[in-house]
Amino acid sequence: MEENFNEVQAQNQNKQESNNNPQKKNYRKHYYYRRNFKKNQNQQNNSSTQQQNQQQTLNVSFKKVSIIVPLFNEEESLKPLYQEIKKGIKQVNCDYEILFIDDGSKDKSLSVIKELAKFDNKIKYFSFRSNYGKSAALQIGFKNATGDAVITMDADLQDDPLEIPNLLKKLDEGYDLVSGWKKQRFDPFIKKISSKFFNLVTRILTGVKIHDFNCGLKAYKKAVVQSVDVYGEMHRYIPVLANWKGFTVTEIVVKHHPRKFGTTKFGVSRFFKGFIDLITVIFTIRFIKRPMHLFGFIGLLLSLAGFGVAAWLTFEKLFYNIGINNRPIFFLAILLIIVGVQFFAIGLIGELIVHNTQSEKEYVIKEKK
1 MEENFNEVQA QNQNKQESNN NPQKKNYRKH YYYRRNFKKN QNQQNNSSTQ
51 QQNQQQTLNV SFKKVSIIVP LFNEEESLKP LYQEIKKGIK QVNCDYEILF
101 IDDGSKDKSL SVIKELAKFD NKIKYFSFRS NYGKSAALQI GFKNATGDAV
151 ITMDADLQDD PLEIPNLLKK LDEGYDLVSG WKKQRFDPFI KKISSKFFNL
201 VTRILTGVKI HDFNCGLKAY KKAVVQSVDV YGEMHRYIPV LANWKGFTVT
251 EIVVKHHPRK FGTTKFGVSR FFKGFIDLIT VIFTIRFIKR PMHLFGFIGL
301 LLSLAGFGVA AWLTFEKLFY NIGINNRPIF FLAILLIIVG VQFFAIGLIG
351 ELIVHNTQSE KEYVIKEKK
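Counting from 1, one number per residue, gives the positions in the sequence shown under full-length UniProt numbering.
Derived by calculation from the structure, the hints in this document are not laboratory data.
Idealized CB from N, CA, C, for every residue including glycine.
Hints are supplied without guarantee of correctness; some may be wrong.
Said to hold, decoys possible - Distance windows between CB atoms, simulated:
hint: 1; residue 1: His293; residue 2: Asn356; range: 14 to 22 angstroms
hint: 2; residue 1: Leu348; residue 2: Gly308; range: 38 to 46 angstroms
hint: 3; residue 1: Leu352; residue 2: Tyr231; range: 34 to 42 angstroms
hint: 4; residue 1: His293; residue 2: Ser127; range: 23 to 31 angstroms
hint: 5; residue 1: Phe186; residue 2: Leu304; range: 50 to 58 angstroms
hint: 6; residue 1: Tyr231; residue 2: His293; range: 45 to 53 angstroms
hint: 7; residue 1: Arg290; residue 2: Ile204; range: 43 to 51 angstroms
hint: 8; residue 1: His293; residue 2: Lys260; range: 44 to 52 angstroms
hint: 9; residue 1: Ile349; residue 2: Lys86; range: 52 to 60 angstroms
hint: 10; residue 1: Leu301; residue 2: Lys108; range: 51 to 59 angstroms
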């Protein structure tokens, strides 16, 4: 009993000594101070990180963005493309949808899209029975897009989805169409040269001052995609058609990446088709509503040339007694007159067609009250 009593008394004495020891008291205070300081510092770091993440999110006036991806035989690139699109659109504070347009792919592209759509209800897809071209794919995407802003991009991973915030930011500055400019391209040399020449000619003939008409990475306001019809190879001239309808068009420099999967769809035939469509676009812009200005002018020139030759032949016959019927130039004069009259008639028929189809929408309203 005495031994137990002595042990308890010794323990109590040690506690009193430790409580009376100022060094141990200071150590406890210092320990708890350091622990609370680290805790507060971690909380401040977490709050600052959250603030930085909020600042990195871009606030735009668009409630919803539609991302349209036309594709043909791109099964290998679809999953990584989807992941990159998710990264890009998460930087924007708005709702979104992704529209994959399968242009009659022969590989497993459609199966990959269906697999992605099972896990993400924001994915929509359309699959053509045959290959109708990029313009048809974009047109079906434009018709089914529900966003008030639209982004288009190619599916080959050469367009960078992380440029989505930059395109929307520029679009939100008041422009109606923002086109990407692949200033540093990772394409074959022939494709680079032909593209530069093509863009230069298009820029001169149309007056639209952008450097890369065929860049798949573009941003549009909804009014643009509702007003522009694309067919054939017209998708590369959407900025031209939009500018003609009074929309504001600009461009920004975007990143371009080397192709990782598959092969390029570029060919010489596309180059020539593009120039034929350029002529069509120029005609559409300048003369679609006044065909008589073109056909009537050509017909008038040809007819005047024919009548001029005929008048000269008549002068030679009357004053120099030179025969007319056996001279080839006589038949040329008749041919010029006939062809000129035909062109004039085509112009009149065109005017009648335009007059009878004036009920179609010929204008785009910018604002109303």
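Next on the checklist: Is 23 to 31 angstroms respected by the C-beta to C-beta distance linking His293 and Ser127?
Outcome noted: Because 43 angstroms falls outside the window, the suggested range is violated.
Item to check | CB-CB spacing for Ile204 and Arg290 relative to the 43 to 51 angstroms hint | outcome: Check failed, 23 angstroms falls outside 43 to 51 angstroms.
Checklist entry - For the pair His293 and Asn356, does the Cβ-Cβ distance stay inside 14 to 22 angstroms? => result Given a distance of about 18 angstroms, which is inside 14 to 22 angstroms, the answer is holds.
Item to check | CB-CB spacing for Lys108 and Leu301 relative to the 51 to 59 angstroms hint | outcome: Distance hint for Leu301, Lys108 holds at roughly 57 angstroms.
Next on the checklist: Against the range 38 to 46 angstroms, how does the distance between the Cβ atoms of Leu348 and Gly308 compare: consistent or not?
Outcome noted: Since the Cβ atoms of Leu348 and Gly308 sit about 23 angstroms apart, the hinted range of 38 to 46 angstroms is violated.
Checklist entry - Okay, Leu352 versus Tyr231 on CB: inside 34 to 42 angstroms? => result violated, 24 angstroms
Checklist entry - When you take the CB atoms of His293 and Lys260, is the distance between them in 44 to 52 angstroms? => result holds, 50 angstroms
Next on the checklist: Tell me if the beta carbons of Tyr231 and His293 are separated by a distance inside 45 to 53 angstroms.
Outcome noted: violated, 24 angstroms
Item to check | Outcome for the supplied range 52 to 60 angstroms, where the beta carbon pair is Ile349 and Lys86 | outcome: Between Ile349 and Lys86, where Cβ atoms are some 54 angstroms apart, the hint holds.
Checklist entry - Is it true that the C-beta distance of Phe186 to Leu304 lies inside 50 to 58 angstroms, as the hint says? => result Distance hint for Phe186, Leu304 holds at roughly 54 angstroms.
Consistency note: the structure conflicts with the earlier hints numbered 2, 3, 4, 6, 7.
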